[in-house]
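Novice: From first to last, the protein sequence lines stand for chains P and G.
Residue numbering for the first sequence follows the working numbering, beginning at -12 and increasing consecutively.
Residue numbering for the second sequence follows the working numbering, beginning at 4 and increasing consecutively.
Bear in mind the hints are in silico, worked out from the structure with no lab data behind them.
Treat each hint with caution, since some may be false.
[As the list claims (entries may be wrong)] Restricting the straight-line Cα-Cα distance to at most 16 Å, the calculated cross-link-like pairs of lysine to aspartate or glutamate (EDC-like) are:
hint	chain 1	residue 1	chain 2	residue 2
1	P	K162	G	E121
2	P	K768	G	E123
3	G	K72	P	D170
4	P	K399	G	D54
5	P	K162	G	D51
6	P	K768	G	E121
Take a look at the letters that make up each chain.
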Amino acid sequence: MATVKINGKEITVEDGTLILDAARQAGFEIPTFCYQARLSRLGSCRMCIIEIGGQKKLQPSCVTPVMHGMEVFTENETVKSARASMLEFLLANHPLDCPTCDKGGECELQDFVFKSGPRRSPFSESKRRFHDKDKILSPVIIKNHNRCIHCERCVRICDEVVGRTALGSIGRGAKIMETSFMDSTLDCDHCGNCIEVCPVGSWMSLPYRYKARTWDLKEIDTVCPYCATGCQFTIGARNNEIVRVKSKITTGINKETLCARGRFGYNFIQSEKRLKKPLLKKNGKLVESSWDEAISFIKQRFGAGKKTAGIASARHTNEELFVFQKLIRDVFKTNNIDLDSRFANKWVTSSAIEVLNLAAGGISIFDALKAEVIFVIGSAISNENPITDYLIRQTAVDRRKTLILAHPRRFKLNSSANISLRYKPGTEGEVIKGITDFIEKGVFHGNVVGDISQVGEKFKNAKNITMFLGADILRLDNGTNVVAEIVALKGLLKKAGKNIIIQPLFDRCNQRGARAMGIHPLFLPGLKKVKENGMDCGEILDAAKKGEIDSLYILGEDIVSMYPDAKFAKDALSNIKFKVVQDTFLTETAKTADVVIPGASYAEKDGTFTNQEGRVQRLRKVISPVGNSKDDLDILCSIGGFAYKSAKEVFDDIKKEVLGYKDINFDALDGNGALVKGHGAENQGSRVKGQGASEIASASPRNDTSSNPYLDEYPFLLITGNHLFHSGRLSQNDDVLIKLLAEPFVEISEEDAKELGLTDKENVKVKSSEYEAVLKLRVVKGSQKGVAFMPENFDSVSVNQFYKKGQGIARVKIEKQV
Amino acid sequence: MLTDNTIENIKKALTKYPNKQSAAMDALRIVQEEAGYLTEDALLQVADMLDMPPPELNEVATFYTMYNKKPVGKHHIQVCTNVSCSLLGSEHIVEFLSRRLGIKKGETTLDKKFTLSEVECLGSCGTAPMMQINDDYYENLTDGKIEEILKGLK
Ligand code: SF4
Ligand code: SF4
Ligand code: SF4
Ligand code: FES
Ligand code: FES
């Protein structure tokens, strides 16, 4: 510990603390430009200079650690005048075009000059001027080099946090320019983190350009509706219109960072295409109706007949999902309820719930990342959970840590990984078994590309291991085998006295919360086992095909677009007598419905999401639902006849039934959210394990890729997932995200491309036994041979059309388009 | 596009360095020696060969004034305008050359014989003001001396 005196005030801090931090702890604010806590130290802007007793030269406090007995002055005349001089230098070249700068009002340069700057400038030289017109670098980024003060925060965040290195400092001296390669968008993730960290208006958001003055915005903190990383952000609205999303350095696990989806994906809210009125099917056509008519029609028709079912999407809040399962279970008396339509079956999802220990309390990602070995399998994490990717990248810089990525595709985080494993989709279990066998017996079998023995060694030598399991595993019809192998590996490692954390990586914001709310055919709220097993999505469709389902309530899920066999899903749905779809857009599924009711987007309602860590976070209403659409909770309550007046009232009921939420205070949830506790661990293990280990085994024949008859004709295994700029089918309605990527593509390895004589960006024909389409090819160096990937985000070529029910992963061939 | 010869030479150079990135300056020199200047394509290709993000390689290429980003004339005149030279009149020298050659700094004469550039300190402050023409230094410059030098250049 070191005791220092700052402006006469004594304070004791850890050895090695920066003077800047010590001063802040003591309550003195020091202005900074180039300093940013999560970035490497630069010490170049000299804004943070302070005086140290006994030293003649002023020192930068952002790179100078305290020493015991040091006396520091941050506010004396010498410091103040030096600070003013530094600002004077910056202003010498700054255009001072604040009246037309989007940053005006929240510009650090403006604020510091106001507070500590010179009031006059003797410079008579003309200012440097790079360009007259700002440079549009991408559909979301616009740059003004003239305003730059060269703090290099943008360059560092892009390199160190985002992992893109799309920016550099070009040139030298006063004419240096922080920009991309030749002002292009080469290799850019369009995350806008450079915009966020820029202290001035040099990097700016193009969609927000000239939309508002910052002080005119109504700003509300809320949580991202896309992936389950659960980033916090602030929505800025003006005249009931959302004009921007901004991250905050003080809030959330993401702090100042966001990905393109979170930062720019708010435009779908005000899309022309939003559903604004209820629709009823009359004479085979969906026509607009009043709310009264729609609701009474549903009340009259829904649940009539033998079998009812409900399928929800994990984009809904805990409160909505809790009420939805009440509606299905309590009012319509059935356990036929499931979440999402992409996953294999209820045994796979329930075994994942078991191995991920979702019934236990949440674990902070920062605790999970303390382990020496971090192992990620089943998620193209850079695309699915971009901010989790950032956090892992920043941890992996530590040389004492080992980052192991196992996935068929090569993606961004691979460049930070110590070991990368490649495998064929469906053989995840073999990868895990290989590791177990190596640790146990020193030998292993299987077709994994990469050094399993090295992985095994790392596992053996570590005391703390964190495994991240991605949502890919939930899609595998042999997913239970994978889970079984993970359980075995975990058991072995535990026996060896190691601490193991297994964390989920989910691609929808509330996948974890949805399970806890009882959106599963086997589990009630709090993950309590049901008395009578319900049907999962696949079984519901099977039954529907046979004409055994009378009514189906679909809350926000697009089954026709997502179920891995589009044709089958459509056929099955057409056999259901009465279908209600509640959604924000007229999805392919909604088009098949008898009643379509317009729900609200994430910015139009209150509630909570539970992210993949188990962190409960508040979603806050910013604007009222567009047109005649309504808050989803109100809709569900009026159909079910529930008396809830607000999300908070539902939350209070959730607390009674879902034990892990018991101590959470809805109103007190702040930017850090609250981690859930265990839902009563006492019956956890026995419950899930006891429940049909044999059922699990029989429900999932091993996906044997070697003896498959399709393999010769259709040599590629086709996998899917979200593109970095998209999320399910929602984002294609966002007119900004769609500009970042408007068309699907097919991605294969460089090896395959060479063999087939195909080159990057050419058009190719992709064909399965079910469907064929022409797509742009993307070639990736270092991906697994024999695997093709297509994003699942586009109606134009819906990837699930290539899939055939019962086939597991789709098989396709790829040919030159002639 | 880099020529096969350039690619070969870069590959050879790579063997001299502990990792690919440290060959960046050498690789750029090789490209420039053979092509005269660095194009966007060349930078992208070299970046790929060195496993380096293109913006980082571009940082190197633009930091050093010795790398030409545009075609240059037969005689590349680089006048130092850093502190020592500037105190001893480099501003005048740039002006003089500019008038004499009929081009502004950064430009090349129509006959492609001369390019005039302004550069940072060339480490010859003791003999300021000075300039470099292609690989040679010319020091303690005066107008008369410059006339002589230019006359000597064909
Ligand atoms: S948008 Fe993101 S990836 Fe692109 S330059 Fe900025 S920080 Fe880098
Ligand atoms: S563009 Fe902004 S963040 Fe980047 S160096 Fe300039 S002032 Fe700093
Ligand atoms: S990482 Fe996920 S939660 Fe965070 S901004 Fe991106 S999509 Fe939203
Ligand atoms: S903030 Fe300390 S030198 Fe820039
Ligand atoms: S200042 Fe001109 S050579 Fe150093």
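Novice: Each of the hints needs a verdict: does it hold here or not?
Specialist: Hint-by-hint comparison with the structure:
1. Under the criterion of a C-alpha separation no larger than 16 Å, the hint pairing K162 (chain P) with E121 (chain G) is consistent with the structure, at around 13 Å.
2. At roughly 40 Å between alpha-carbon atoms, K768 (chain P) and E123 (chain G) are farther apart than 16 Å, so this suggested pair is violated.
3. Of the supplied pair hints, the one linking K72 (chain G) and D170 (chain P) holds, its CA atoms being roughly 15 Å apart against a limit of 16 Å.
4. Annotation: proposed proximity of K399 (chain P) to D54 (chain G) holds, straight-line Cα distance about 14 Å (limit 16 Å).
5. The straight-line distance between the Cα atoms of K162 (chain P) and D51 (chain G) is roughly 27 Å, outside the 16 Å bound, and the hint therefore fails.
6. Restraint check for K768 (chain P) and E121 (chain G): not satisfied, since their Cα atoms lie roughly 42 Å apart, outside the 16 Å limit.
Checked against the numbered hints given earlier, this structure breaks hints 2, 5 and 6; the rest are met.
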